[in-house]
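Respectively, the protein sequence lines represent chains A and B.
If you're matching positions, the first sequence starts at 1 in this note's numbering and goes up one per residue.
If you're matching positions, the second sequence starts at 1 in this note's numbering and goes up one per residue.
Since the hints were made in silico from the structure, they are not lab data.
Treat the hints with care, as some may be off.
Stated by the list, open to error - Derived CB-CB ranges, DEER-like:
#1 B:E130 <-> A:R44: 33 to 41 Å
#2 B:R140 <-> A:S145: 53 to 61 Å
#3 B:S78 <-> A:E115: 42 to 50 Å
Said to hold, decoys possible - Pulled a few chain B residues facing chain A out of the computed Cβ check, cut under 7 Å:
#4 E70
#5 T73
#6 L75
#7 V77
#8 Q128
For each residue, glycine too, the CB sits at the ideal point set by N, CA and C.
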Amino acid sequence: MIRRMIAALLLCLFSLPAHAEEAVAVFGAESARPMLFRSTTDIRVLGPTIEEFVRLNSDIRVIYEQWGSNALYAESLKDCEAGRGADAILSSAVHQLVSLVNSACAAPYRSPLTEALPNDRRWRDELWGITREAAVIIYNTALVSEEDVPHSRFELLDLMRRENPIYEDRIATYDIEASGLGYLFAFSDSIEASTFGALLEGFSRVNAVATCCSNEIIEGVSSGRYLIAYNVLGSYVSTQYRDNVSVVMPEDYTLFLSRAYMIPRNAQNQGAATRLLDFLLSSQGNALLRESGLVMRRDPEETFLPESSERAIPINPMLLVALDQHRRKRFIAQWRSTFGAPQFLSP
Amino acid sequence: MNEPLISTARQRSLSSRVVTGVLSLLLIGGIIVAIASFAYGRQAARQAYDRLLLGAANDIAESIAVIGGEPLTDLPVSAFQLLALAPDDRVAYAVRGSRGQLLTGQDHVRLPKSSTTGGPVFYDAPMQDEAARFVTVYRRFAERDFSGTVSVTVGQTLAARNVMALGLTRDALIASLVAGLALMVLATLVIRNAMAPLNKIADELLDRDPYDLTPMDRNVPAEVSVMIDAMNRFMLRLDRQVSSMRHLISDTAHQLRTPVAAIRAQSELIVEATDEDVRNQMVTRLTRRSRSLGELLDQMLSRALVIHRSDSAPPLPVDLRDIALNVVETKDHELLSPETEVELRIGPDEVIVLADEISLVEAAKNMFNNALRHGQSPVVIGVSQHGGSAEIWVEDAGSGPPADILDRIGQRFERSAASSGRSAGLGLSIVRSVASAFAGELTMGRGEDGFRVTLTLPAQTGEPQ
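So that you can see chain B by itself, here it is in the shape it has in the complex:
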């Protein structure tokens, strides 16, 4: 019961990780947007109200006229109407002569530090301990009775600017907040959507019968399909092993039942037999029977071994010449049929395939022993390579089994072989299993000098891994 809990906890952590990522992304984005919009708002407010200031200053400068040798300002109401567009800001202005002496306005208004007498100069300065923005414009007079530059300075506190900047920032923030919320909703939907296949797989796995080893639905996103493929491969292998195990057991039971029953019957007959000759004859038959039972057992075990290894042992580069050599060197033929002539036909170049060495040895041994048992001398075992396919073959001088047996040969149930206590079918079925395990092929037919059984495997060319 703990496992499902753990798995759901992991799922949650995965989606919560994604959600945290998206949220922090939004947060960082939000902070950047806030800073940017505040900067933008301040700049926009500054530009807007600087223009008002400049307009008012120019308005005042325009109203200056030289009367009786003195520049006199006819302070226009319109200048203050402009300034009143920032309704709650205090204003200050000063009109100064060419020597900086106050002509009209407030004396506390200072001129800018940089005294260029060109275009308007904007600057920040305090106004009665409050931050304020000032502009100074200059007007040059060249009259008969007055010549010089008159400066007009107009200043305003920053309340309206700040309100505008904050307003713009707030609007931008509200917009980005709405966008952020929309993104968050979308992100949630997308994450949920993206996670759906995983949840589906998890549900499917949880609902699955533990004995159900059928492949899972591969209709999933590419990222997950790798996982599903691996799982399906694993289940396929498990399925194969379980079914081969089942086959092995049923085969074994099936194949052993008849010989064991025969041995029992014969041994009972021996016990009852009184005639010495008959008894000896029976003992001989019993011995033969039990030997062939032993061979059958050997082959069944080796087949089980082959099937097991082909599924579990990782394929490695193997030189087929080593296999052939190995088969000949075990010298089984000297036991099985000492009179048969054996020949090894291998080339100087290595013939590499990707396979399991032990399985290959078993397969080759079976092919070889079949030839020894059923074929005619001489028996040749050889290795050759034709382009991309590597071959290990066994050839005898005989004509091979009849066509109807050839058709059935290598099938799993070889009743005739089993009942006769021989194991030819089983041996070839081992070869066939090996062939299919390593993407190879088993072929039988006329060779150069007789009947040839060939195991063809894809050759591993180039550099071995």
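If we strip away everything but chain A, and leave its shape as in the complex, we get:
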């Protein structure tokens, strides 16, 4: 009865200014009431969870649209003013959702499960942090020698200052203009510690590469195009496990991101959206998310990371600073002076 139907799977290969979804999948019966779910999360990663959700809620058909974070933000702002839009949004670019909520684009919802969330994963009962994913350093195990593996930002810095030619042009990170998540990580780094300026300088020294999208970066590390990648979402690495890609959680501090879930004010099917939210927060949903790697266990034995080094990115109005025009302009200018013009725009 429950069937999974992938209607279309369009990968955005050409990074044109995106105004549309990158991929669409439909879960659930044809006859059920549709619910438009927009997410920056890969359909493959979140698919099993949604599949279980529609199996339990046969009256809901989830139309899953996968978006790039910046495009999703722009589209949601337009939707908010136009009075239309998705029924639920799940984005890793949390600061953009905070901005949407701050612009009164969200509908409030309370349930015992949302109220159980800690304060830094909940804002105004309109925005909820669903997942728990680390920003990590990954490296190619075959090509990076054991003593070169950076266990903290300081070690990465030292590695880049050593002027070792094999790392020239082969250290990657998100392009902060192309990826909302990359920008959020870089911004959080800049607030968190003074190492950020030195890191940029180091990136500049080894002529590091700024590129788009988690998949491309992990693919690149796996294929040997890049040796080390900085600030990659650990969740994607664990799902797309490669034998030759290994993960390091920086010991000085590790950023933890909680993908934010929001129900737009104009949602047509708010009931389904709140049920999906409660499902994602329930122990059952949480177990599925953990299987997909979207929720990291707090297990020092496994991660070797002391709790004091965990830095959750809080979901609150402070993230609005990241979106300030002047601040963004300055920040990107500083970034660009290190990485040069956007690479993915060049032919």
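We have chain A; now place chain B onto it with these hints.
Frame of chain A; chain B shown alone:
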């Protein structure tokens, strides 16, 4: 059985009236406290959060620097940390140049209507259809490549303010509710305590024997003691009247028994008598006896009258000269002893006392008749005033009764008088009753020209009421 029910119902209504009064007072007080504490709470919340807004705005203004001829904001996280102290409020900010053009922030944030470029301006404005509070601060730049004023506007919705205001109001209300309850308990205790004497009196009255006319305990609060005094006075009067009535009856029985027995015995003797002379003699004696019995009756009735009136008739201003005149003008002396010379000695000024006229006339008549009967001619009746005391007196030329009779005279039981069929003692006892009824005094002794009986009463000086 209905009366006690009515009285308890009235008691309840009295205390319920007081309770209602206290409750409505508390209610009004509570409403005033609620309004005041809400106003206070709102003001306190407004001041507290306005400072946060101002702090954030100043923080942002401080971060503006002129770079390459343009004012650039390095939006500080600390400003938003300040604003995040109101955790659930949406925020908006805008930095505008000297012409009002948006430099950074949200374009929907408006500048205040009053455009003073001095100190911070606070104002209320909607933020996406929600009420919000804004502040605008200005920073002036006078650089080589940029000169002008940059405005920083920061706004925040009102959720935290309202929560704080309500919290303060609620705390104040809880405090005043507790105080109100304490007051209510205290008020109940006080009311019960205040009403206790009334209940005690009511119980005492209910428990009292209807024939018990002894005064009630005066150990009560001042307000109630007036009532108790009035009641005691009333009961005293009732007691006096009842006892005088009893005395009258016993006196009458006592005094009449002997003369009536004598008259009966004499009349029986007359019936049995055969000798005409003896019979006539006996008839004469019988006549005398019956006349003196009549006099005795008259006096007993007048004494009863005096006692009754002195208790029931309200005292009025009376001119003692009128009394003396009245006594002389009734011309009793012409009947009693026509040979006696009578003189009236009164002055031109009126001598006013507060008393009952009829009682006074009776008293004066008795004094006068006593003198006629026992004294020697001439008999003088006079009125005089010495300072605060007014006197009406009767004087005869005799030396008065012997000292041992004088001692006993005026007592209620005058056995000798009664048995002899005369009524001298009774007459003086009437005078004495009148004297005591109107706070006066009866004195007997040597006067200017013989034996004088004086009734002294407090004179009513000044304006009569």
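Does the CB of L75 (chain B) sit less than 7 Å away from some CB of chain A? Holds - the Cβ of L75 (chain B) comes within 7 Å of chain A, reaching about 4 Å at its closest.
Once the shortest beta carbon distance from Q128 (chain B) to chain A is found, is it less than 7 Å? OK, holds: Q128 (chain B) within 7 Å of chain A, min 4 Å.
Per-residue hint verdict: E70 (chain B), partner chain A, C-beta under 7 Å: Violated. Min distance 9 Å.
Report holds or violated for the interface hint on T73 (chain B), using the least CB-CB distance to chain A and a cut-off of 7 Å. holds (4 Å)
E115 (chain A) and S78 (chain B) - C-beta distance against the hinted 42 to 50 Å: Violated, since S78 (chain B) and E115 (chain A) (Cβ atoms, about 29 Å apart) do not stay within the stated range.
Falls inside 33 to 41 Å, the C-beta gap from E130 (chain B) to R44 (chain A)? Check passed, 40 Å falls within 33 to 41 Å.
Is 53 to 61 Å a correct range for the gap between the Cβ atoms of R140 (chain B) and S145 (chain A)? holds (59 Å)
Against chain A, is V77 (chain B) within 7 Å by beta-carbon distance? Interface hint status for V77 (chain B): holds (5 Å vs cutoff 7 Å).
Hints 3, 4, counting from the list given before, are not met by this structure.
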